[in-house]
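Asks: Below, each chain spelled out in residue letters.
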Amino acid sequence: MADLLGAFEQAVLLAIWNLAGQAYGRAILRGTQAALDRQAAAGAVYATLDRLEQKGLVTSRVETGTPVRSGRARRYYQLTAVGVKALNESKSALEQMWRGAKWPLESPA
Amino acid sequence: MSHDAPPRWLEKLLLQCLPVRNRESISGDLLEEYRQVQVPRLGPMRANLWYLRQLISFLVAGTFGGSNMRASLTWISVLTALAGVWLAVMEHLLKHPGYAARSAIAAYIVIQGLATVLFLVWHGHPILRFLVQAGAVSVVVLGASAIIRIVNAAHFEGFVLIIGAALIVQGLMALVVVSGARPPNAIAA
Chain A
1 MADLLGAFEQ AVLLAIWNLA GQAYGRAILR GTQAALDRQA AAGAVYATLD
51 RLEQKGLVTS RVETGTPVRS GRARRYYQLT AVGVKALNES KSALEQMWRG
101 AKWPLESPA
Chain B
1 MSHDAPPRWL EKLLLQCLPV RNRESISGDL LEEYRQVQVP RLGPMRANLW
51 YLRQLISFLV AGTFGGSNMR ASLTWISVLT ALAGVWLAVM EHLLKHPGYA
101 ARSAIAAYIV IQGLATVLFL VWHGHPILRF LVQAGAVSVV VLGASAIIRI
151 VNAAHFEGFV LIIGAALIVQ GLMALVVVSG ARPPNAIAA
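As you go down the protein sequences, you meet chains A and B in turn. With our numbering, letter number 89 in the first sequence gets 89, and the count goes up by one each step, no holes. With our numbering, letter number 14 in the second sequence gets 14, and the count goes up by one each step, no holes.
Hints were generated in silico from the structure; no laboratory data involved. Mixed in with the good hints, there may be bad ones.
As the list claims (entries may be wrong) - Computed beta-carbon distance windows for the label pairs:
# : chain 1 : residue 1 : chain 2 : residue 2 : range
1 : B       : H125      : A       : V68       : 28 to 34 Å
2 : A       : L4        : B       : I111      : 47 to 53 Å
3 : B       : H125      : A       : L4        : 46 to 52 Å
4 : B       : F130      : A       : M97       : 56 to 62 Å
5 : B       : L93       : A       : A7        : 45 to 51 Å
6 : A       : E63       : B       : R149      : 41 to 47 Å
7 : A       : A81       : B       : L82       : 37 to 43 Å
8 : B       : P44       : A       : V84       : 30 to 36 Å
From a predicted model like this one, the values you see are computed outputs, not experimental measurements. For every residue, glycine included, the Cβ atom is placed at its ideal position computed from N, Cα and C.
With the hints as constraints, model all of the structure from the sequences given.
Replies: In structure tokens:
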């Protein structure tokens, strides 16, 4: 099994998955914040995207920008087969780890 | 001042913190968010603060992610400049013997830190480049001599050690970055 993904990486990958072809930086940032239910620093999200791309879990393509962004290009991200597999494995591993444990855990008396 | 875009100096500083490959897309994302969401919601002044917060997050990510030496250099230059201000203020308050000379050194540290940031933002004016290069060598020497002096001193002062080490790192990084400097943007509208 490949290295497990961290929670933040999973949130970013899930945001890309949910955006289905419309996943560019700003939308991914919002999707990540929604998945984590908290504010996420833009720098952290973009750094994670870079790292995921280097690992081959996502690919990106550049498209022409719109006037509201002064024509600056948008970079769209998409999960690779490796990325989908890594997400699936991370979820399976988490479920495997919790199997047999009665949830929620109770604090010791 | 136009409220249609963040201050130019902030945008230029942001571009310094971004890898070349992503400069256009990330600065475009932030500009889009600034215009469509932050200015209507917060007003121009607080929207600029929001933009500054984003910039800091890229500085932090670039520094601790280890991927962007320019971001790290910007960060450490700002910190040494602040340390210089603090040293100068303390010297003036305490007025120990020889404080005037030490205040001058503190002022020099501030100037070198700010000059490095200016070089990174406005990039490549030949005079500024020369000043930053020469200053980089001098702060390495200054940092090393401060460390040697504090190691041999009767009273150990940890903050001098930290600032001395920071100056050496800043100087060495500045030499590397300045020698391989490229224009920060071809896209700033």
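Asks: Would you mind marking each hint as holding or not holding in the structure?
Replies: Each hint tested on the structure:
no. : hint                       : in the structure
1   : H125/B x V68/A: 28 to 34 Å : holds, 32 Å
2   : L4/A x I111/B: 47 to 53 Å  : holds, 49 Å
3   : H125/B x L4/A: 46 to 52 Å  : holds, 49 Å
4   : F130/B x M97/A: 56 to 62 Å : holds, 59 Å
5   : L93/B x A7/A: 45 to 51 Å   : holds, 47 Å
6   : E63/A x R149/B: 41 to 47 Å : violated, 57 Å
7   : A81/A x L82/B: 37 to 43 Å  : violated, 48 Å
8   : P44/B x V84/A: 30 to 36 Å  : violated, 42 Å
Hint check: violations occur at hints 6, 7 and 8; the rest are consistent with the structure.
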